[in-house]
Amino acid sequence: MKTIITAVAAVAFAGAMAVDTKSAMAADGPTLKAVKARGEVICGVHQGRYGFAIADSQGKWKGLDVDFCRAVAAATLGDSEKVKYIPLGSVQRFPALQSGEVDMLSRTTTITLTRDAALGFNFGPPTFYTGTGFMVRKSIGATTVDQMGGAAICVFPGSTTEKNIASLFKSKGMKFTPVVIESSKQLVGAYMSGRCDVLAMDQAGLPGHQQYDAKNPADHLIIPGVYSKEPLGIGVRAGDDQWFDIIKWVTHATFNAEEWGVSKANVDKMVKSNDPNVKRLLGVSGDLGKKLGLDKQWAYRIIKQVGNYGEIYETNWGPPLNLARGINNLWTNGGLMYGFPMK
Amino acid sequence: MAQDSQSGPAVGDQPKGDTSILNSMAFRGIAYQVLLAICVVLGGLYLYVNVNANLDRQGIATGWDFVTENAGFDIGESPIPYDSEDTYGFALWVGVLNTLRVAVVGIVLATILGVFMGIARTSRNWLLSKVANVYVEVCRNVPVVLHVLFWATVVRFLPAPRQAIIPFDGAYLMNRGVVFPIPNEHPAYVWVGVAFVLGIVGAVVLGRWAQRRRELTGQYIPTFWWGLAIITGLPMVAWLVQGAPLSWNVPALKGFNFQGGMALSPEYAALVIGVTVYTGAFIAEIVRAGIQAVPHGQIEAARALGLRPGFIMRYITMPQALRIIVPPTASQFLSLTKNSSLGVLIGYPDLVNIGNTTLNQTGQAVEAITIMMIVYLSISLTISTAMNLYNRLVAIKER
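Just so you know, the sequences run in chain order R and G. Per this note's numbering, the very first residue in the first sequence carries number 1; after that it's consecutive. Per this note's numbering, the very first residue in the second sequence carries number 1; after that it's consecutive.
In short, the hints are calculated from the structure, not lab data. Computed from a predicted structure; not experimentally measured. Misleading hints may appear alongside valid ones.
[Claimed, not checked] With a cut-off of at most 30 Å between alpha-carbon atoms, the simulated DSSO-like pairs for lysine-lysine come out as follows:
| # | chain 1 | residue 1 | chain 2 | residue 2 |
| --- | --- | --- | --- | --- |
| 1 | R | Lys33 | R | Lys229 |
| 2 | R | Lys215 | G | Lys254 |
| 3 | G | Lys254 | R | Lys172 |
| 4 | R | Lys170 | G | Lys254 |
| 5 | R | Lys175 | G | Lys254 |
| 6 | R | Lys248 | R | Lys82 |
Sequences are here, hints too, so could you generate the full structure?
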């Protein structure tokens, strides 16, 4: 009897902790109000992935995901530097958003039906398209996935990649040994030290590890082609439509700015443009900002402080990573980035 | 200062000789317990309803349906056949078995290491006691996380499969772990196993007989070598009688990795070594404390009788020391079991690792964590119960 009571108490305690975080968040009210009162956007990012989110030697965060955190801060608070970055592992990221620990999750997160519907999230438009890719050591002599039967594969836990590889190898009738580690450093370290033959993750993550983490980048080969669809987007908690709208239209504003030729350098000149689209975007005419609960200059500040999508891409994926834009180009250039009308 | 206090209840408020049930000791005892039980249940119910309501409001899926859903991910190592098309429930079960695999082996090894080091620390051999001392101080003062990470790094520095170290023919030591040959299955091995069990029973019976004899006649009969001969001899005889069948399943390098034989992953090795070395240091201290707590007069008396040191340790010191050693060692076993969850850091697919993946794929954090808690609780309570039973065995028998 004693042990049963102990067990019940233990489970109840865990439940109590879960409740605590939930009710604390409910009292916050709409996210925008909380963000303004705090004077800071709390943004969940990757612990360290080149091109998406990585802290440099001065502790300053850089990357495409980071730039979208900054864009949201610029739009809502007027200053792109007013962001608090919370580095999250692939497993912690969803509870962190659910519990209200972060306002937005800009962390190489693939948009899937389950995550959207069953996890209580909403996702903004994809900010990046990629797919599962593989990097191998050249010395093992595999140049295609078909030659990888029996390989040890390093992969993050709880990622879509983990499932993709399982079904890919099953469909090819091959076996593999997954080595599943959550910490980015430990996982890449395991691959580099030879514990795994293959490193599997979103293909866009691989060039960074090849360039910066390998002793000799030429010893490694990124297998051409992607093996899944991974549209990465910004996640927010369901139930706060205003905040969801802001995330959505901040993203579209960066797409449209590129399409309409508004850039960091010329935005002050473009304020005088006669293009009605640009005028509405920069708040010269209309009241788009007000409809989102923001001021007129929200999009102007995004472009001025962070840049349009093309500039964001070039900053993070240009040299030395040199990842070709491919499907991440604007739709007018044969890509998938398509800004919705801002009217 | 000397003012008399007027406060406090007046004596004799309650009428004497009241036979009301409220004054019955037995009734009160039960009433308080019932009240407490009701509070606990209500509290639990409140939390349960609250969690569900909150999860529902946020649109987060709840319930246990996911346990029977297709898991869809692979697991690096499993003591039972597992496939990515099995259910989440089965995947978690694999995690439980992997956790037990570390816990059981870790407990056995840590006990052996701890007892050896603990006895070594009390040794009069200067070198032996200093070596044990250094081991204890170094290992128990470094966090267990670092132990595990350290060993994980060490095993990674082993050579690649093609340049593997070959300690003996057919066995390979490399950064993919250890592979070694195992005998192919054969029906004769069942009988060898039966003979082995019979051998153990035989050795125990022999020991009992020798003890009875000693108590009756005072004659000391050494049984260790005879017992060992029975335990190893019987299976050998069983094996030879059936025609001595033996063929080895020898591992061979195919493609990327070794196929065949028995393989232990580097993560498993690192985790077992890490928790064993750490917990062993604590057990060593407990054993030393136990031994030193035995009154010195006992040992001097034994020496005066002309008993050999090994005999004194076995028959005089240890039976008394065990009474002190067993209870704290039980909590070391518990902490070792819980520390095995650090496997998640180095990629060992234990319960927490697979639980994390499940949590992430399904998004059902409360359920996944509840499962993990219940499993660890069950394992810990089982160890506790077993150790309590053993403790009753070695405790002073009050007759």
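Here is how each hint holds up against the structure:
{"no.": "1", "hint": "R/Lys33 with R/Lys229", "in the structure": "violated, 35 Å"}
{"no.": "2", "hint": "R/Lys215 with G/Lys254", "in the structure": "holds, 27 Å"}
{"no.": "3", "hint": "G/Lys254 with R/Lys172", "in the structure": "holds, 18 Å"}
{"no.": "4", "hint": "R/Lys170 with G/Lys254", "in the structure": "holds, 19 Å"}
{"no.": "5", "hint": "R/Lys175 with G/Lys254", "in the structure": "holds, 13 Å"}
{"no.": "6", "hint": "R/Lys248 with R/Lys82", "in the structure": "holds, 20 Å"}
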